[in-house]
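Put the two chains together into one complex, using the hints given.
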Amino acid sequence: MMKTRIMATRAEMRAPHSMRPLKRLAAAGAALFLAGCATVSPDGGFGTVQQLTKERTGQTATWQRPDAQADSAKARVDELLQQPLTADSAVELAFLNNKGLQASFSELGIAESDLVRAGRLRNPSFTFGRLSGNGAVEIDRSILFDVLGLLTMPLAKQVEQARFEQAQLQAAFEAVGVAADTRRAYFSAVAAQELVKYFGQVKEAAQASSELARRMAHTGNFSKLTQMREQAFYADATAQLARAQHQAVAERERLTRLLGLGSDQLNFKLPERLPELPKSAVEPKDAEQTAMDKRLDVLMAKRSADAVAKSLGLTKATRVVNVLNFGYANRSQTGEARSNGYLIELELPLFDFGVARLLRAEATYMQAVNRTAQVAINAQSEVRESYSAYRTAFDLAQHYRDEVVPLRKRISEENLLRYNGMLISVFELLADSREQVSSITGYVEALRDFWVTDTNLQTALTGRSPDASATERPSAKAALAAGGAH
Amino acid sequence: MNNRRNFIRTAGATMLGATAVSRVGAASLPEAVIQTSPDMQPPLIPTTGRPYNPVVTLNGWTLPWRMKNGVKEFHLVAEPVVREIAPGMKVNLWGYNGQSPGPTIEVVEGDRIRIFVTNKLPEETTVHWHGVLLPSGMDGVSGLTQPAIRPGKTFVYEFVLQRSGTFMYHPHADEMTQMAMGMMGMFIVHPKDPRQMKVDRDFVFLLNAYDVDPGSATPKVNTMLDFNLWTWNSRAFPGIDPLVARTGDRVRIRMGNLTMTSHPIHLHGPHFEVTGTDGGWIPKTARWPEVTTDVAVGRMRAIEFDALAGDWAFHCHKAHHTMNAMGHDVPTMIGVDQKDVADKVRKLIPDYMVMGERGMADMGEMEMPLPDNTLPMMTGQGPFGAIGMGGMFSVVKVRDDVKPGDYKDPGWYKHPAKTLAYEYTGGLPNPARAAGPTADKTTLIVRKPMGGHEGH
Ligand SMILES: [Cu+2]
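Same order as they appear, the protein sequences are chains R and A.
All residue numbers for the first sequence refer to numbering that gives the first Met the number 0, where the first residue is 0 and numbers rise by one.
All residue numbers for the second sequence refer to numbering that gives the first Met the number 0, where the first residue is 0 and numbers rise by one.
Simulated from the structure, these hints should not be mistaken for lab results.
Keep in mind that the hints are not guaranteed to be accurate.
When the alpha-carbon atoms are kept at most 30 angstroms apart in a straight line, the in silico DSBU-like pairs for lysine-lysine are as follows [as the list claims (entries may be wrong)]:
hint: 1; chain 1: R; residue 1: Lys98; chain 2: R; residue 2: Lys268
hint: 2; chain 1: A; residue 1: Lys346; chain 2: R; residue 2: Lys268
hint: 3; chain 1: R; residue 1: Lys53; chain 2: R; residue 2: Lys98
hint: 4; chain 1: R; residue 1: Lys408; chain 2: A; residue 2: Lys338
hint: 5; chain 1: A; residue 1: Lys191; chain 2: A; residue 2: Lys67
hint: 6; chain 1: A; residue 1: Lys152; chain 2: A; residue 2: Lys119
hint: 7; chain 1: A; residue 1: Lys343; chain 2: R; residue 2: Lys268
hint: 8; chain 1: A; residue 1: Lys338; chain 2: R; residue 2: Lys223
hint: 9; chain 1: A; residue 1: Lys402; chain 2: A; residue 2: Lys191
hint: 10; chain 1: R; residue 1: Lys53; chain 2: R; residue 2: Lys278
hint: 11; chain 1: A; residue 1: Lys343; chain 2: R; residue 2: Lys196
hint: 12; chain 1: R; residue 1: Lys73; chain 2: R; residue 2: Lys268
hint: 13; chain 1: A; residue 1: Lys219; chain 2: R; residue 2: Lys408
hint: 14; chain 1: A; residue 1: Lys197; chain 2: A; residue 2: Lys283
hint: 15; chain 1: A; residue 1: Lys219; chain 2: A; residue 2: Lys119
hint: 16; chain 1: A; residue 1: Lys152; chain 2: A; residue 2: Lys67
hint: 17; chain 1: A; residue 1: Lys219; chain 2: A; residue 2: Lys89
hint: 18; chain 1: R; residue 1: Lys196; chain 2: A; residue 2: Lys346
hint: 19; chain 1: A; residue 1: Lys119; chain 2: A; residue 2: Lys67
hint: 20; chain 1: A; residue 1: Lys89; chain 2: R; residue 2: Lys408
hint: 21; chain 1: R; residue 1: Lys223; chain 2: A; residue 2: Lys346
hint: 22; chain 1: R; residue 1: Lys53; chain 2: R; residue 2: Lys284
hint: 23; chain 1: R; residue 1: Lys408; chain 2: A; residue 2: Lys343
hint: 24; chain 1: A; residue 1: Lys67; chain 2: A; residue 2: Lys197
hint: 25; chain 1: R; residue 1: Lys196; chain 2: A; residue 2: Lys338
hint: 26; chain 1: A; residue 1: Lys197; chain 2: A; residue 2: Lys402
hint: 27; chain 1: A; residue 1: Lys317; chain 2: A; residue 2: Lys407
hint: 28; chain 1: R; residue 1: Lys408; chain 2: A; residue 2: Lys346
hint: 29; chain 1: R; residue 1: Lys223; chain 2: A; residue 2: Lys343
This is chain A alone, in the form it adopts within the complex (with noise of 0.2 angstroms):
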């Protein structure tokens, strides 16, 4: 399973683009292998070239490679893709072999790689090898260092690599589209010694977001900021699949944001350290011990933690990220008694439930009609109920048992006796306070919770 030939023989019933890359010359080109699943697949563990530790791409896959002379060949090949954000909703993006984002590529510090881009998009495209150190005539600027790869056409990359770390691809022709459209993929350069940076467990994934109508399929490329899907590898909760590791593992986690905005990313549980940027790796006397680490856009983080057992959230702090698609306009009902004027509603619109009133939770829990191709604006069943998160979100599964290698989702934590919050059911004798402050003319009257309106 875990091998590439085994990797190529599964992913053979979905090697179409191969037959329609062959007209552009078969001998001197490797297989453009596709990938149309959304599942994580299993780490790629190199059988040519050196030797490294495979990363996991979170909802991904690694594109495959061949040997020429000495010269790791790759075949990317731009195209229009589906992909399913989350079950229930599939969207219209550009990518690479089959999907959005493209393939992981994986080599390693002095390799010397050639990539075949092939473009079979309605527009001219080009790629950018973001952070990674090389000629100038290979850095994939449209204009500035290469005229733009035409639609139909093939052009070829080739250099060599002089630093392990993070990096990224992305087009740097159109970028505004072709990035809103999802063309980007994770570019991993692993040290040339295996037993530098050592983890037990590599997972890399981009942050990107897309602007999705309600009812449409196909992103609103021209949004500047107010998007409304916030995914990972563009997945959104509770499409994203777990990142599951053995207590004790050394865990990394890769990320690299190709959003328009910043994302604080917060683990709970264990306390992590970042461990790389955007240039390399940090000395480890210069780590930052943290529990949320902020991705600024166009960067690359790499976080390590010692796993400990639990299901531990995992995400982006901004609120809003958390969510799907939400309107951005629709004011809060909060305190707002509904109940008579919704009799009153429900005689003109017979369908009409309250929602709101006591806040947005309700989402979470109500199960009610949406537009076509719409996921609910939070979702996802926890075993204590609605976990009312969707977008950037996911958990770090770690288990005792877990073998090396296994990806597998392990199901939900059983929490050890004595270590789960429980409902306290003795008496609730009122609290001395002191006396809060009063309301003047200028304030407006504010529900509260219970009791304290004397004052009014």
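Chain R with its partners taken away, still in its complex shape (with noise of 0.2 angstroms):
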């Protein structure tokens, strides 16, 4: 046992003129997340979670630790139910109340007390030994140093470190996700329920066509087909109220998981219609090059890739490596207008492996580099999707809120006007009032597919992909695990 740490040290000793530098750069990383770190600090790391999540979210994460904090968030979980729940609300309640999360939260927990575990030399152990054969008898006794442990403490400091670094990122990472499907799960909820309002009305407008047909066949007005054809139209409309209706249930379950909710909590309240469109779509200025600097998974990648540097003890730091270093700005040509193109940077360290130009060393850290690139171009890719989608979503729910619901309404007056003039029956009538509530579901559609994009686009530039949900687990926690076991 001894002798491999010796050796294990010895190994650490073939490469002396590693340690200073490296101790700089821990110093470096260390004093961009955290000051000082031996000891359990007094939030567990919690608060630069916060700041990270609300920066994204407009929530404060709480991380439920079994104390009195768990009674306040109970009574706040109480209150935040008595109203109606808006997007905001319903993103609070997620962060107090959501299991999953607040699990997740607990990563941060072990990490630091890894942390804080390799700050402290082992206990010195005491063995002793007695060794009886041939009629001899031989006492060993030894008091055993952790001798490794303090040649490789500082190391194995720095890898801690990164590891509770990434715990942090990791924690706000998971609340971002958890927010975002809040929002998007809350704005599905509500248009469902607003939706089951509509189809109830085409329903209403198609048993009345059926009733009429009815009483028009009894009364010999109406043939058995024109009657049946009247009819099937109330079927449909029923068929389509009850998929409405399911769909409205299963829209608040998936909400109510997010929200943590148990059986007690069920009857918490949703608004009868979604948040009305903003004036204007907005423009995100820079958006790529936010989404390098916030996006968490970008910023886990790269510290990844740091890690990775340091525990191969790659110490010579020649020069920075843009790995998205494309475009430029202001480009301005005599006779041109100037043209204003963009800038993203994504810098990552680039060493020289000269000496050691070990194979596997090179490969693993260049495996980290483009992981990293990959994750920032997918992430460049998402933020314009997510603007493409949020830009056509505001453009659609605005054309039918300002054209087809009006138009389908001036149509319906129209067909009034003709009905009072006998030109067209009560049946025409109900079927364009059928066709004038589906335009009020395209809108109401419309209206929840902008408020999901919306949320989709804020994901994208400052949280994470807003394609994945945060109950599948994204490979960015697989990345964080293959950097820290180096």
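Structural data, given as structure tokens:
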């Protein structure tokens, strides 16, 4: 046992020159996130998580640890449940109440305790051995000190520090994911509930037609065929309403799960309708650069690449590689208007493998760099796609609100005038009212899509991939684990 | 008032066409008088040429002429016009001299006439003189007897009238479109001897039909038979003038049919005789006494009667033709109780009103908003309530005290004592009735006015 440790130490001793710069790097890294970390911090590093989360969701995440906090959290949950939920209060609720999120916050505690342990020497151990045989007894007493631990402590601390920081990012990442899921579920639940009302109106119109048609057939004014056609509309509308009703239940249950609500909290209220469409669509500035600076998955991947570098002991950072250096800003050419391009940067240290030239080290490092680049490329692409989806949803919702719905309404008014002149029948009037209602359902759906894509855009800009649900474990976590293993 | 000079003076305010046409060559062209009022104009009493007894055009007028070296010269301008079908509805039509139908042309047997026709339509046209005996080259069939009159061009038709009677004029170039757009007019040839076929009042009008989608203003020219506006001189009741006469007047009504279907024209009150057909006058011994005469497509009919005091309905007997625009696919709602369903409908369509449960007469009484530029399907108020008529309907109003030459609406008829239907207020004993037939399973259940359901 002792032997191996010494050998490990020797292996470390072979490159003693690598110690000092490594220490410097570690110190710089620590200063970025945390000042001093040898002992358990009062907030367990959660302050950083809160800050990261608040910046990205507008809501404060809390970590429910088994103390008085839990009671005040419960009181806040009860308070929030009194009022119809808003998107923000739903996110706040989820932060307080989502058990999966709380579980992922606990990772932070584990990482911190690892970090603290890495900074302490193992207690010395005393061994007592007694060997007897061939009539002789040999008693061996020794006190063992963790010599290797002493020698590797700086490195272990660095690794654990990196893991701790990753855990913080990861916790914020989870929180942002839960917030996005919650907002999406919230908007879908409100919309689904609103749609039930309108499908109910469609059914009512169809029912009136069907009932009238039945009476028409009874008095001999309609053939069976004509009557059954009207009845078929009603039958379809009934099925449509049933589907809409289930959809409303399903969306509400999805929200219930994200809010972590138990069976005694199911009567939470949702508003009758979705929030209005904003006056104008946002035009995010430097969207892709924002994603590079803010996206948690990008930061994690970057940190992971750093950690790989450190744990490989590659200290000769000679230059910086900009893996995404493309484009340029404000190009001006004679005789032409200035064209604004954009510049996106994601800097990663590139090490000179010169002396070490270890194939494995280089490969491992390049793997981390490429993985980070891929995360960055995905992030930028997602920002562009999310913006397109957002913009389209905004324009569509506006089109429904300002064109389709009013037009349908005017058509209905004209149809009523035609009915007044006995130019069309009440059946055509009812069929038209069904179409008018479906233009409103079109608007509700477009408005829902807008709010969902708005959430997705915000998520893509500052948080994470908008496609992945928080309940699916993202690959960034695997990257973290890979980075930390060295 | 009743002479040409006055007429032209009154029409002067609307002589917009004259200056435009003068470009063609004012020296050789008679002025193209135009008329845009939809009201009936007084008869044009001739001051030049042979004397005759002028006609009165229902909601129309007669085209003035000038004499030039013994030839009567007229100027017709084919052009787009806006015609008020009835108050509340104006339609884009094509017509002549500011109006559709065009002015009535009145001439006398033996007259030599020269008619200048200027085309201000966007497409080529001709004028065919329907029923008039003339040289083949004056018959106005584009391609067959003459080249078409291109837009902006003026053609001259010149012929001598050989026979008196009731005729028409209309295009014979793209006539489906042009007649669907209202290109037509009456052509009256008076007998050389004014005493021949003399009457006290001589009304003329054309039967025409349009398909104007409710809420629009231009007829659908491709409609074959399913028209929704049935008009006399492009006017629908209550926009049609009454036919006013004095008790005992000999009244003639001349009608030409340029629609796609026949019209059984029916007069209440006095019996009439058909005195003229497409070919001219009917000898006394061959005349048919009638109360309804069917005016088939492309035909002319003249009827005559002795006026009897009263307000006498005068209309086409195809019931749909005394309606204005109506839905042709609207199901019958008679006998269907809609009340509770209506409440449900009203939740979705707040301004919805139940109609048709008792029939369609509700329509004549309810004043409900309609699409723009659309006439109610039946309308017109009489002294006793809603008349419930539209389209090809008017009233022959005969009074004892109407002055000769006065065509003014005298108001509603004052019925002499004991000549007006009245309400019976006595008891209603159940009349003895034989047992009715019983329904079997193939008979639909029909709601009867009272009782009688024992058999079901
Ligand atoms: Cu008719």
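Here is what the structure says about each hint:
no. : hint                : result
1   : R/Lys98 x R/Lys268  : holds (21 angstroms)
2   : A/Lys346 x R/Lys268 : holds (26 angstroms)
3   : R/Lys53 x R/Lys98   : holds (19 angstroms)
4   : R/Lys408 x A/Lys338 : holds (25 angstroms)
5   : A/Lys191 x A/Lys67  : holds (19 angstroms)
6   : A/Lys152 x A/Lys119 : holds (8 angstroms)
7   : A/Lys343 x R/Lys268 : holds (29 angstroms)
8   : A/Lys338 x R/Lys223 : holds (22 angstroms)
9   : A/Lys402 x A/Lys191 : holds (26 angstroms)
10  : R/Lys53 x R/Lys278  : holds (25 angstroms)
11  : A/Lys343 x R/Lys196 : holds (15 angstroms)
12  : R/Lys73 x R/Lys268  : holds (18 angstroms)
13  : A/Lys219 x R/Lys408 : holds (26 angstroms)
14  : A/Lys197 x A/Lys283 : holds (14 angstroms)
15  : A/Lys219 x A/Lys119 : holds (21 angstroms)
16  : A/Lys152 x A/Lys67  : holds (22 angstroms)
17  : A/Lys219 x A/Lys89  : holds (15 angstroms)
18  : R/Lys196 x A/Lys346 : holds (13 angstroms)
19  : A/Lys119 x A/Lys67  : holds (25 angstroms)
20  : A/Lys89 x R/Lys408  : holds (26 angstroms)
21  : R/Lys223 x A/Lys346 : holds (27 angstroms)
22  : R/Lys53 x R/Lys284  : holds (20 angstroms)
23  : R/Lys408 x A/Lys343 : holds (19 angstroms)
24  : A/Lys67 x A/Lys197  : holds (28 angstroms)
25  : R/Lys196 x A/Lys338 : holds (24 angstroms)
26  : A/Lys197 x A/Lys402 : holds (18 angstroms)
27  : A/Lys317 x A/Lys407 : holds (28 angstroms)
28  : R/Lys408 x A/Lys346 : holds (15 angstroms)
29  : R/Lys223 x A/Lys343 : holds (23 angstroms)
Comparing the model with each numbered hint stated earlier shows that all of them hold.
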